[in-house]
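2 protein chains.
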Amino acid sequence: MGHLAVVGATGAVGVEVCEILDGRDISVDRVSLFASARSTGKRMTVRGQSIPVRELSEHSFEGVDFAIFSAGAERSRQFAPAALKAGAVVVDNSSAFRMDPNTPLVIPEINAEDAQDHRGIIANPNCSTIIMDVAVWPLHRVNPVRRIIVSTYQSASGAGGSAMDELRTQSADHLAGRKIVPRVFPHPIAFNLFSHNTPIAPDGYNTEERKMIDETRKIFHDASIAISATCIRVPVLRAHCESINLTFDRPITPDEVRGVLKTAPGVEIVDDREANRFPMPIAATGQDNVLVGRIRQDLSQSDGRGIELFVSGDQLRKGAALNAVQIVELLAR
Amino acid sequence: MGHLAVVGATGAVGVEVCEILDGRDISVDRVSLFASARSTGKRMTVRGQSIPVRELSEHSFEGVDFAIFSAGAERSRQFAPAALKAGAVVVDNSSAFRMDPNTPLVIPEINAEDAQDHRGIIANPNCSTIIMDVAVWPLHRVNPVRRIIVSTYQSASGAGGSAMDELRTQSADHLAGRKIVPRVFPHPIAFNLFSHNTPIAPDGYNTEERKMIDETRKIFHDASIAISATCIRVPVLRAHCESINLTFDRPITPDEVRGVLKTAPGVEIVDDREANRFPMPIAATGQDNVLVGRIRQDLSQSDGRGIELFVSGDQLRKGAALNAVQIVELLAR
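The listed protein sequences correspond, in order, to chains A and B. Here the first sequence stands for residues 1 to 333, numbered as in this note's numbering. Here the second sequence stands for residues 1001 to 1333, numbered as in this note's numbering.
No wet-lab data here; the hints were simulated from the structure. Do not rely on the hints blindly, as some may be mistaken.
Sample of chain B residues facing chain A (criterion: CB under 7 Å; computed from the structure) [to be verified]:
| id | residue |
| --- | --- |
| 1 | T1045 |
| 2 | G1204 |
| 3 | T1207 |
| 4 | A1226 |
| 5 | T1230 |
| 6 | V1236 |
| 7 | L1237 |
| 8 | F1278 |
| 9 | I1282 |
| 10 | S1300 |
A few chain A positions that, by computed beta-carbon distances, are all more than 12 Å from chain B [to be verified]:
| id | residue |
| --- | --- |
| 11 | R43 |
| 12 | S60 |
| 13 | R273 |
To spell it out: a stretch of chain B is covered by chain A in this simulated footprint if at least three of its residues, at any positions, have a beta carbon under 8 Å from a beta carbon of chain A; those stretches are [to be verified]:
| id | stretch |
| --- | --- |
| 14 | 1146-1158 |
| 15 | 1162-1173 |
| 16 | 1241-1249 |
| 17 | 1306-1320 |
Don't be surprised by glycine CBs; every beta carbon is placed ideally from N, CA and C.
Extracted from the complex, chain A is given alone in its bound form (with noise of 0.2 Å):
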């Protein structure tokens, strides 16, 4: 048994920590809340008990066995070798430590050996990342993937619990004629989409699309996956969904991809072509899978080796809080 820190636990991710941890038999006896001084006060009801909320310091990890960061890099960097001090395994949610070769980057359905040999920390990868790889995985282990090429259609939730209140605002604004004015996102949200706002490197490729590159290929542990990103923002409150587009090793059907994926762990196929039920975000929300559907041949390889697939899974809970709550259970065992 032990004794669980929650770093942000008044945030998007960190609300849903609280709320998975209900759910789960997890040996965590003991639940801390933390977050900034704004925050302190606040209570929260973890497992039936009201558990206060206090403010983040480095003395906040006395006897803390595990701690679950998602307040963002930077505090991760500030705060997680405080924690590391006291004894404390880092399981972090930020992008601070994901590709640091002496961090694990973990999704359990994938890598959870890789746990296993951690200095500390343990990194979440990106939400995007979780929700494609939890799909594509079953199929490179019995047919390697070559080369992905992935469009995203991602929720607001990405970008926290403010980001979600403005989509709703603005679209009241919309809808009363009033003027929108964006706050947390550059460019309206509201009956719009625009590509991801994260800073873009000379080859024109964004923060966001050079995660689901390089976490991919590092949790996969196969640098040779050829893969392309273009991530989208759309009005969706929660729930990301993916268009993906896959090469592999040798041909391979539609029918296999789907006797692959039905018994994938963390996978549910959504895919009822007679009554056009494929994944939706709504589908998709405050659920634990990764829903997939739209599995066809990719009619633009003659050779058979192209698949097409539609994915959606919870920003909130596959993509962030519920992996990072599965790794505690792994390290917990």
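With the hints as your guide, set chain B onto chain A.
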């Protein structure tokens, strides 16, 4: 000078046709408006003149030189013969005649010459096809495109004015905590997205995707282009976006692409990496040009033959009404 009939005048595309007539130097001196009995008695202002909307019948086309049909495939099939019999040339916005080998399928920026070879009907391509092809054609001319992988972000307007109303109503209902009841679309559209709700063929591709594939090959006069498409409806009012991955015959650089597109008709480059400003639906709305940005090398192709683009075009304008008016202009010259 000629007499133009607008069939389906009160629909989303018909209204747009009337607006576009205002601003263009088109050789038409008389405009007649037709719709279903429901709209009879309404009046619409075209070029400053109030014109009555009359009920469409087989006798509507006496003296008509050009008829733009935007009332759905069924009505086109039913009434185009009467228009032809009366001596009118039909520019048809529906899918009814697009793949008929005797009917030219025309985007004036690409294959204006095909319009001259008609037998009374000229088909206007699907909106998603037009928006993609206007951006891809100028590149195809200088370096043949061998493969296209496209994922769309399609607005509600593609399903007509009632679909736009549904997006507004559902958004208001969701914000007010009321239950959402889909009527036009089969799934909720507010704060959600879903696979394009057209029938799905045994190969798993829906009709919209099939249109993008077949129509592009017909317009480009190149049946060899390998194309795969994934068509998705998003909660945007009008203007479609498309994430386009291209493979060329020979290596090509983003700078070459920019050089070609800078002077391409119907194209505006919006590609400001510093300001993170790229094509967006709210920027494309009301514009004649297709906005093209996120121009970059496809990192998944090591031979330099791959380019990624993100484009946005007004679905009602260049995707439908404007293209049809441009075709009439070609004929009326």
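- Going through the earlier hints one by one, which of them does the structure break, listed in rising order? Result: hints 1, 3, 13 break, sorted rising.
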